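Trainee: As a plain string of letters, each chain reads:
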Amino acid sequence: MSKRISATNAIGPKRSHLIIHLVLIVGSMLMVFPFFWEVSTSLKTYAESISVPPAIFPSSPVWKNYADVFLTLPFGAQFLNTVIMTVARTVGQVFFCSAAGYAFARLEFPGRNVIFIAFLSVLMVPSQLFLLSQFQLMQRFDLLNTVTALALPGIFSAFGTFLLRQFFMQLPADLDAAARLDGCNPFQVWWKVMLPLAKNGMLALGILTAIWSWNDLLWPLVVNNDPEKMTLSAGLSTLQGQFLTNFPVLMAGSFLASIPMIILFVVFQKNMLEGIASSGIKG
Amino acid sequence: MTSQLVPPVEQGQRRSMPLPRPGTKRRSLRHGDRYWAYLLIVPTAIGLTVFSIWPALQTFYFSFTKWGTFGGHEWTGFDNYTQVVHDPELLRSLWNTVIFSVMTLLGIPLSIGLAALLNTKGLRWVSVYRAVYFLPVVTMPAAIALVWKLIYNGDTGILNQFLAVFGIDGPHWLSDPATAIYAVGIVSIWSSLGYNMVLFIAGMQSIPGEFYEAASIDGAGTWRQFFGITMPLLTPTTFFVTVITVINALQAFDLVYLMVGKASPAIEESQTVVYLFYAKGILQGDGGYAAAIAFALLALILLITALQFRAQKRWVHYE
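Heads up: the protein sequence lines correspond to chains A and B, in order.
Here the first sequence stands for residues 1 to 283, numbered as in this note's numbering.
Here the second sequence stands for residues 1001 to 1319, numbered as in this note's numbering.
No false leads were slipped in.
So, partial list: chain B residues that the calculated Cβ filter (under 10 Å) puts toward chain A:
#: 1; residue: W1036
#: 2; residue: T1044
#: 3; residue: L1057
Listed next, the stretches of chain B that the computed footprint assigns to chain A, with coverage defined by at least 3 CB atoms under 8 Å from CB atoms of chain A:
#: 4; region: 1037 to 1043
#: 5; region: 1280 to 1290
Not close to chain B: a few residues of chain A, all C-beta gaps over 10 Å, as computed:
#: 6; residue: S59
#: 7; residue: W63
#: 8; residue: D68
#: 9; residue: F70
#: 10; residue: L71
#: 11; residue: I84
#: 12; residue: A88
#: 13; residue: V91
#: 14; residue: L144
#: 15; residue: T146
#: 16; residue: P172
#: 17; residue: L203
If you're looking for bench data, these hints aren't it; they were derived computationally from the structure.
Source: prediction; values computed, not measured.
Heads up, the beta-carbon is just placed ideally off N, CA and C, and yes, glycines get one too.
Based on the provided sequences and hints, a complete structural model is requested.
Mentor: So, in structure tokens, the structure goes:
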């Protein structure tokens, strides 16, 4: 018996690994193909993009397609709107959610459970329930077609509060007591002792928030209809229904719009995947 | 060590503050805690009240009203809910949502298999594969939709040209009512595969290694180990992923809006419940009915999730 095991261990792994790699590589090609096709098409002429049989690669790359993106859409303005919205939501959420998360995790106060349950109920309700009323709210404050409207509701997050509360709860209990004995008030404990220790949690929340904000569609679509005030996501979506679509320019625009978050993901891969594995909840 | 946590400036300030009497210090600190706690919570609490809790309550009220063409609304009682139950368009959108949900659920076995492969001991390039499979999760749906529309294009798309090699005459995937929702479903599987994979890898890594050692001493091969150990012990993760996937699928909007869209002849046969909510509430200004649709959806989500929690006793193993 034990001989057989050692035998499979000696020969088995190499051959089975080869098969696994083969399966994973075929799968990877299916995953990557749309990205390859996007980039390849973005450098084709229009004729090449609709040719039969298909042109896999452009005969000579048409870089002008990337310049044309800025003529088809107010791409620069939309890029800037998306950046401002994403940064505002990310910074706001990380700051406010860590404050609230710390209070829920480490402080005792009357009404804590009731308020926490109210927060949790927001987490469980589909966001469509808020949409009509949020829109009216923006209308009433005369904020439609502003970048403020894009960012504002997304700054406050029950999910982020819950995620960071989990992080703060894992920290050792004596930390607060020690800092308190040194004369810190709860605010100082949070700011000086807890925040540096919850860095990983905040980074995970920040990256997740950044990516979800950047890619968000429904809210930006509803609240801003002036192309100059749209996000990239909404801007690209306005090109969907058009006849005679210029595929190469569309692909160039899609590529430019999605590349910042792909870079962010590649850089912070580890934090992001850990954040998802520990929270499991999708924005 | 603890004094290092407080910068010198703070200590200086502390000394200049009047010291409370020794006996009262503890109690006054505790009592003061609550104000600090409220201060820390108040921004998020106000934000969520204004932008989530109040809107949800207001939408609940809306669901009992009819909106006029020129603003204003009147109380109509349960009319909207009566309409929800009898509306063939909503029934159709519900059916589309079910098809879409079932399709995305098919992605779960696929991601379990993928996670199992990536969890192979000693396998190289795991982080590269993981990044590749995860890539669609971080990519903007608007961009994903555009490139898939190009691939699915009936006349010049690469998919139909590929199928033509085998003599298959592919349909106009996204404008044919018979195929549109399925075509969108495939993109949804493609884009959520990596997300589920990450959760399943984490689930697999939390299974203690001793189980596998014991099994291999008993002579169980890779397949026996997978079905005898991994699958049963992974069921809490599988349950969790299933619940989340269903909740998300029931709220599907982005891909249908982006890939099929309002101008398409296939939209009626492929619109999901949330798409219909958007069409009624935003495009057609019928906010009262849209609100009722949203609450019907909430009821559906709660019902299905509750059923799943009840059924979990039958198949989920907690240690």
